[in-house]
Amino acid sequence: MRTSGGSVLAKGEEAQRSHLACYFALLARSSPPLLLLLPHCCGAAASAAAAFRIVAVDFAELRWMEVMDSVAVMEVSPVPKPPLEAALALRRSARCSNRTRRPTYVEQEEPKESAGRRRGGKRKREEEKAPVAQDAMKPVRMGDAASERKPSSEGKPMPAIAAEPVSCAGFARPAAEDDVLGNGKSAKLRVKETLRAFTSHYLHLVQEEQKRAQAVLQEGQKRPSKRPDLKAITKMQESNAVLYPEKIIGELPGVDVGDQFYSRAEMVVLGIHSHWLNGIDYMGMKYQGKEEYANLTFPLATCIVMSGIYEDDLDKADEIIYTGQGGNDLLGNHRQIGSQQLQRGNLALKNSKDNGNPIRVIRGHISKNSYTGKVYTYDGLYKVVDDWVQNGVQGHVVFKYKLKRLEGQPSLTTSEVRFTRAEAPTTISELPGLVCDDISGGQENLPIPATNLVDDPPVPPTGFVYSKSLKIPKGIKIPSNCNGCDCEGDCANNKNCSCAQRNGSDLPYVSHKNIGRLVEPKAIVFECGANCSCNNNCVNRTSQKGLQYRLEVFKTASKGWGVRTWDTILPGAPICEYTGVLRRTEEVDGLLQNNYIFDIDCLQTMKGLDGREKRAGSDMHLPSLHAENDSDPPAPEYCIDAGSIGNFARFINHSCEPNLFVQCVLSSHNDVKLAKVTLFAADTILPLQELSYDYGYVLDSVVGPDGNIVKLPCFCGAPYCRKRLY
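So the sequence shown is residues 1 to 726, counted in UniProt numbering.
Errors might be hidden in some of the hints.
Straight-line C-alpha distance at most 25 Å; calculated DSS-like pairs for lysine-lysine [as the list claims (entries may be wrong)]:
1) K290 to K383
2) K350 to K286
3) K247 to K290
4) K185 to K247
DEER-style ranges, computed between Cβ atoms [said to hold, decoys possible]:
5) K723 to G258: 24 to 32 Å
6) K723 to G338: 54 to 62 Å
7) T297 to Q394: 24 to 32 Å
Rather than coming from a laboratory, the hints here were simulated on the basis of the structure.
Keep in mind the model is a prediction, meaning the values are calculated, not measured.
Just so you know, even glycine gets a beta-carbon here, dropped at the ideal spot from N, CA and C.
The task is simple: from the sequences and hints, build the whole structure.
Following this line, the structure appears as C-alpha cells:
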C-alpha cells in the first residue's frame, strides 16, 4: 500500500487540528464508513503514550477494492527504537501446498525519526523479544490511578490454601513418572483427545435425541427421557476409548490439580471417577489377587466427589468431613431418609484409612456456563485420617470420614466458601492497562477491549482498519449459484432439508440450550445461505450470527498481541471468521513483512496432506469439489490478506497445543477454493485463557534467499511445544 502525500508528524495544537480536520474529511468521503483506531477511543493511557500520526492513503492505485474510496490510518511513533531485526513473512497454513515456500527476507534498517509510514507485520508474534527493562516494570498511570504491572497473560492469582503436613509415602507419585503413554503422545494430550472424542459422541447423540424427540412429538406420544451423556459413555466403553479403564490409586497422568470438567460423564471416560452417579469410587474385590496390591485390604476407595448432595458434609478446603453413601433422597430434597450401611463405598473409605492410600477429591459447584449446570474441579490427593458413626441431622445413622489434604501439592482453587478461578472483569472500565474500549468500533455484537501491560508507555494495536466481513476486490467474482433449501423456520425441524443432504444427511450443527455447536470438525461445512428460505435463527447459520463471547485483545510478553476470552466457550462453538481482503495467492507471494496472510487450503485438508488427518466427509465431497485425480491438488489459488484490514482473528496466536481449529464453510456457492475460513473451539476454554490455533507449518518447509532452510523458534508456551514454528 502506497501513501499519498506522505504524512506529517503533528507538532503543536495547530497541526493536530489540521490532522483531525483531514481525518473527518476523509471519513466523510468513505463509503461505507470505516473504523479507524484514533486516540479518542483508546483512553487516557493511549493518548499519553505517544504521538499519533494520521496518514491519508489514496486508493486510486488500488481500484480492486470495491468497497473503499479513501481511508485514514493511525500510526504510533516507535518508543523506544526497536533493535535491528530481519523480517520474515509468516503465512498461516503454509503447509497447504506441501512444498517449501521461499519467503521474502530483507535486512531491515533501523527506523528513523521521520514522518514516513513504518511498515511492520506480525513477526514479533513468534520471535524472542528482549527482556523487559527494569524501568518498564514500573506502575503505569491509567488516568489518575496507577496500576501495578503484572504479566498480562495470566489471570488473577488463586488464593493459597495451606495443607497440613500429611504424607502418603509409597502411594503418591508425580505424574511425570508416567507422562507419556502409547504412540509417543503425552498424557496431557491423551486426556485432551479423550475429551474431544467424548464431546463428538455426545453432540452426535444430542442430535439423534433431538430428532427422535421431534418424531415422537409429531406422533403425539409422550417420550421417555434419554441421557446423551450416558450413551456417550457406553460408546466410549464399547470402543475401548476410556483413557484409564483400570482403576488407579493416586494421581492420574495428564490430570492436574485445578483441571475442570463439565459433567461427571467426562470424568468417567477419563477414569478419574468411574461412576456417573455415586460419590465414592472404589476398587472392588477383583483387585485383591493382584501382586501389586498384595498388602492392601479391599474394597479400597480411590476418589470422592463433593457436590453438596449430603447435608452432613463439612468442607474446610484442606480438611473435609465427608458423609458416607446411602440413605439419601437423591431425587428429592437430598435429605437423609434412612440409615447407612458399612458396605461398598463406605467400607472402602474405612479400609483406605487403615491402608493409608491417597484419595482423589473432586468438588462440584453450580455453574451457569456448564451444559450440565455444574463444573467439577480436581483438587488433588487427600488421606482419610479418621472415621466414626453418628446420628445425622435427620436422626439416621451415617458414617463420617475425616480427610486431610496431602502436603506439597498446588494450591486449591475451590473451597467451602468460594469457588475461585481466573475471573474475568465484569466491566471494561475496570481493566488494568486499558488502551482501547472497543477495537471493533461497535461493529461486533460485543465490544472488544484492548489492554497493554507490557509496553511503557502502553500503546494500542494500530496500523489496520477493523472489518468484521471479508472484503472482495473487483477482480474476484464470488459465485452465488447454489440452490437453497425450502425449509420454514429452523432446518433442524425438517428431516428433508436439502442443506442437510449436502452435509451428508445430518446438519453439521446441534443447538443445545440455545448454544449452536459444530458436532465435529468436517472436511467442509455447508451452511444455509441467501437462497435458503429458513429464518436467520436456523441452527445451520450458526457461524453467521456474529461474536457471541466477550473477548479481549491483550499484549503478551513475547508473542505480540493475543486474544483471550472472558466467558466459558464450549467445544464446537464458533469464534469468528478470519476476515481481511480476499486476494489471489500469486499477488501476495512478493509482499514484504505481511504476516497476516491465510491460505484457503480446504482441498489440502480434505486430502489429508502434510500429516493432517482426513476429516468427516472428505471422501464424500472430494470428487465433486476437486475433479482432478492428481494425488496432490494445486497450491491454494486464493488467500485472505489481513495485513491492513481485518478483525480480531488477526491477533490470535499460534500454539502447538491449540484450543481452536480451522473449519472451511460454504453457504452461497460450492467453490471450495473460495470457502470462508472460520475458527471453532476444539476444547472447553475457560475464562482468561488465550485463544490459539495451529498455523500449520511443516518443519523445514521455509527456505531463505541463500537456499538454506530457515528455522523460526516457537514461543507458544505449550507444555509440549515443538520448539519451532517451522
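Here is how each hint holds up against the structure:
1. Between K290 and K383, the direct Cα distance comes to roughly 23 Å. Compliance with the 25 Å bound is thereby established for this hinted pair.
2. For a cut-off of 25 Å, the pair hint linking K350 to K286 stands: about 18 Å separates their Cα positions.
3. Of the pairs offered as hints, the one joining K247 and K290 holds, with about 13 Å between alpha carbons and a cut-off of 25 Å not exceeded.
4. For the suggested pair K185 and K247, the alpha carbons sit about 21 Å apart, so the restraint of at most 25 Å is met.
5. The hint said 24 to 32 Å for the Cβ distance between K723 and G258, and at roughly 26 Å that hint holds.
6. Restraint check, K723 to G338: a C-beta distance of roughly 59 Å satisfies the suggested window 54 to 62 Å.
7. Taking 24 to 32 Å as the suggested C-beta distance range, the pair T297 and Q394 conforms, at roughly 31 Å.
Violated hints for the displayed structure: none, as all numbered hints are satisfied.
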